[in-house]
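Peer 1: What follows is each chain in one-letter form.
Protein chains: 2
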Amino acid sequence: METAMATTPADGAYRTTERTVPTRASERASYDRDLVHSILDGAYVCHLGFVRDGAPVVLPTLYGRVGDRLYVHGSTGSRPLRMAGRDEPGLEVCLTVTHVDGLVLARSAFHHSVNYRSVMVHGTARQVADPEEKRTALDALVDHVVPGRSYDSRQANARELAATAVLRLDLDEVSAKCRTGGPSDDPEDRSLPHWTGVVPLTHGYGTPIPANDLDPTVAMPDYLSVL
Amino acid sequence: METAMATTPADGAYRTTERTVPTRASERASYDRDLVHSILDGAYVCHLGFVRDGAPVVLPTLYGRVGDRLYVHGSTGSRPLRMAGRDEPGLEVCLTVTHVDGLVLARSAFHHSVNYRSVMVHGTARQVADPEEKRTALDALVDHVVPGRSYDSRQANARELAATAVLRLDLDEVSAKCRTGGPSDDPEDRSLPHWTGVVPLTHGYGTPIPANDLDPTVAMPDYLSVL
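For the record, the sequence lines run as chains A and B.
Residue 96 in my numbering sits at position 109 of the first sequence, and the numbers go up by one each step.
Residue 47 in my numbering sits at position 60 of the second sequence, and the numbers go up by one each step.
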């Protein structure tokens, strides 16, 4: 997929390829490793795209990150996991994570938008065969939901490990795209009588709800009180 | 794509097809029209999957709904819009919308999950050629961001209409999938000493931020104060 457009990365940046350089709004694109990681680490669900019988499928799924590796998991019987079986050449995927940060209200309908931060990863996902890497990946998936949680839960047993397939996707062909700031109306629209600005979207946590069968002597852990 | 599994829909339900019946956790699937619409109407961004040069692409993008039609838009120069050009047979897509409602902490790492509501739409997206339908679609896209906003902004002019392509995707092969409720630990794990329950995720709106060049005599509209 590399073309003449491909570049050698600067320190701390991902390389660019023909498909990570957007045709539109390329000033919004970034290949900064820290930015990419922060966008990935701050979301709970990614949208995993793959091709099945020639048609696209976009599956919302949990994920975890260990350095420059992303992991997704699923039942060994699920479609994408079977398609990326150990003896197969891997599954071509596009994994996208998006945060919507604000609603951008311009005076013109045309310039309405949202402020967002997204990451798109292209690559081949492959099943993890090494048991150590699989355990590390599963810990990362749990710690992605709540940091520190993998130390405070029962680790997967042999039966669960056998039933779970883990796919690895290396962060190599990857880009971030972000929009920030206010509306960008055309100069000739500035005198129009419409309110214009940004409505921020906020995200937070409600009070944790203990399971019905939780032993009441088990205290809520510190890693939840700091959420 | 229809197989023997396909069914005639009940009143108010979408038909099922081989690819809208999940192979995993099928008890979480629903074809209820009202549920599908409410999930679609409550999110700002969808993830649009299509195939380009044989590889999947998953693009976050705004959308609007008019009855059983979804609309996405973009520059006439953007990749998916060009690929679904008026003279083409259309673009095979999978459009997915996901809400994450809570973090599900089980005693076992294996049963960690999130509560979510998602909709997946399969179909062929086609460029809208009819000018009236295009205007309706663009209004729906703006009103999806803030209901009522299309009446309080300058409508697209001829130049903007010419620069904007709109794709229509009919809601026909569509399903919802939801997880609700607490963790589902195995009975033999119930005496483990780990806290277990659900951490709800909350979503809201911050105080609207007026654009730098907003005339201070323009009041904030009512449709923003009720957000």
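Take these hints with a grain of salt, some might be off.
[Unchecked claim] Here are the computed distance ranges between Cβ atoms for each label pair:
id : chain 1 : residue 1 : chain 2 : residue 2 : range
1  : A       : Asp(-2)   : B       : Ser62     : 25 to 35 Å
2  : B       : Asn199    : A       : Gly41     : 15 to 25 Å
3  : B       : Gly135    : A       : Gly41     : 37 to 47 Å
4  : B       : Asp(-2)   : A       : Tyr138    : 43 to 53 Å
5  : A       : Tyr210    : B       : Gly191    : 18 to 28 Å
[As the list claims (entries may be wrong)] These stretches of chain A come out as covered by chain B in the derived footprint (C-beta under 8 Å, 3 or more residues):
id : stretch
6  : 41 to 53
7  : 184 to 194
Note that these hints are calculated values from the structure, not bench results.
Note that the Cβ used here is the ideal one computed from N, Cα and C, for glycine as well.
Peer 1: Could you check the structure against the hints above and give me the numbers of any it violates, in ascending order?
Peer 2: 2
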